[in-house]
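Asker: Spelled out from the first residue to the last, the chains are:
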Amino acid sequence: MVGTGKYADFEQMCRSLEASGAEIVTVAVRRVNIADRNKESLLDHIDLKKYTLLPNTAGCYSADEAVRTCRLAREAGLSDFVKLEVLGDEKTLFPNNEELLKAAKILVKEGFTVLPYTTDDPIVCKKLEDLGCAAVMPLGAPIGSGLGIRNPYNIRIIMETVKVPVIVDAGVGTASDAAIAMELGCDGVLMNTAIAGAKDPIAMAEAMNLAVRAGRLAYLAGRIPRKLYATASSPLEGVIE
Amino acid sequence: MKVSVNGEEQIIASMSVYDFLLSIDCDPRPIAVELNCAILAKKDYRTTFLLEGDQLEIVWFVGGG
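In order, the protein sequence lines correspond to chains A and B.
Per numbering that gives the first Met the number 0, the first sequence starts with residue 0, numbered consecutively.
Per numbering that gives the first Met the number 0, the second sequence starts with residue 0, numbered consecutively.
Chain B on its own, in the form it takes in the complex:
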């Protein structure tokens, strides 16, 4: 199925947000995730499954002033 991740389309198998993060080698601790423009709480990563057309934004902290 197709999902959008940080503005780019990806074809992935059905899985939880947590498993998706692991599949792209992304440590779930220092990040924040928005699913379809709403914040997804860290405690919900394992129980939230991605659906066709979902839009994910994955952000973290970088150097800034």
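Chain A on its own, in the form it takes in the complex:
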């Protein structure tokens, strides 16, 4: 899953989406610029047969704003799929979980398929699942920070706590971060800045594609346990004396 923000132009965005192998792309809901009608619609550049559109509620700081944005998104996109994001403050962009839970409850009741962006808190994730959210999307680190998965242990506990898919959303900085999320057993990773902000977004998108696949394969393959001391790889018998 990748975002569509911060690209230099539509062509770079399209090529990055393609290279990333993403199946779901997030978009934001904003006012149409009435004064400048020359701007092209984002939807003219996204092949809706190839990608599932996931409108977000980025920039919303209350449940009311987020619910309103979701209703508008449903009308514009004709789909019930929403990434619910209710922010707490501008500096950290951490979620306001109280408002998030309030909004999730209303939206589920109105028939939305709700994918909430949340803190990496297993209790909140469980509450979101109980409310009927289709997945939970704990953050790896603050949005756009590129700090990676700061608390892999919490992500593991979340996966043991909920049955719905777990998608790490935000914090990915480079390919290894995406691989770590997938190695932990997550069902997906959502990223935007890590790709769009890279020097070469298209190459980074491909790196992320490979990392997500590698991480998933490693998870399915089952890693060896960590041990403090060495275990020889070569046979101990027949050593020349």
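Hints listed in this document are in silico derivations from the structure and should not be mistaken for laboratory results.
A couple of the hints might just be wrong.
Stated by the list, open to error - No more than 20 Å apart at the CA atoms, straight line, and that leaves these computed lysine to any residue pairs for SDA-like:
| hint | chain 1 | residue 1 | chain 2 | residue 2 |
| --- | --- | --- | --- | --- |
| 1 | A | Lys38 | B | Glu56 |
| 2 | A | Lys38 | B | Ile23 |
| 3 | B | Lys1 | A | Asn32 |
| 4 | B | Lys41 | A | Lys198 |
| 5 | B | Lys1 | A | Ala7 |
| 6 | A | Lys198 | A | Ala7 |
| 7 | B | Lys42 | A | Ala34 |
Following the hints, put chain B in place on chain A, whose structure we already have.
Answerer: Here is chain B on its own, set in the frame of chain A:
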């Protein structure tokens, strides 16, 4: 008459929401419209006429994460 469109006042003639959208060169397909804080269904654009003091919000999708 005066209406508010995306927070800005505009003086317009009496017309339907559909005609207004065309008058500002706005394709009605990829957008959503709120009229006085309530969603206006696409099927109602042609039959809903703007009134003095109406507040319109017109949104669409832009790049985002």
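Asker: Between B:Lys1 and A:Asn32, is the straight-line Cα distance small enough, at 20 Å or below?
Answerer: Judged against 20 Å, a Cα distance of about 19 Å means the pair holds.
Asker: Given the proposed pairing of A:Lys38 with B:Glu56, does the C-alpha separation stay at or below 20 Å?
Answerer: Answer holds: A:Lys38 to B:Glu56 is near 18 Å, not above 20 Å.
Asker: If you draw a straight line from the CA of A:Lys38 to the CA of B:Ile23, is it 20 Å or shorter?
Answerer: holds, 13 Å
Asker: Are A:Lys198 and A:Ala7 close enough, with their CA atoms no more than 20 Å apart?
Answerer: Status holds; Cα separation ~11 Å.
Asker: Straight-line Cα separation of B:Lys42 and A:Ala34 no greater than 20 Å?
Answerer: Violated. B:Lys42 to A:Ala34 sits at ~25 Å, over the 20 Å cutoff.
Asker: If you draw a straight line from the CA of B:Lys1 to the CA of A:Ala7, is it 20 Å or shorter?
Answerer: violated, 38 Å
Asker: When you check the alpha-carbon spacing of B:Lys41 and A:Lys198, does it fall within 20 Å?
Answerer: violated, 41 Å
Hint violations for this structure: numbers 4, 5, 7, all remaining hints satisfied.
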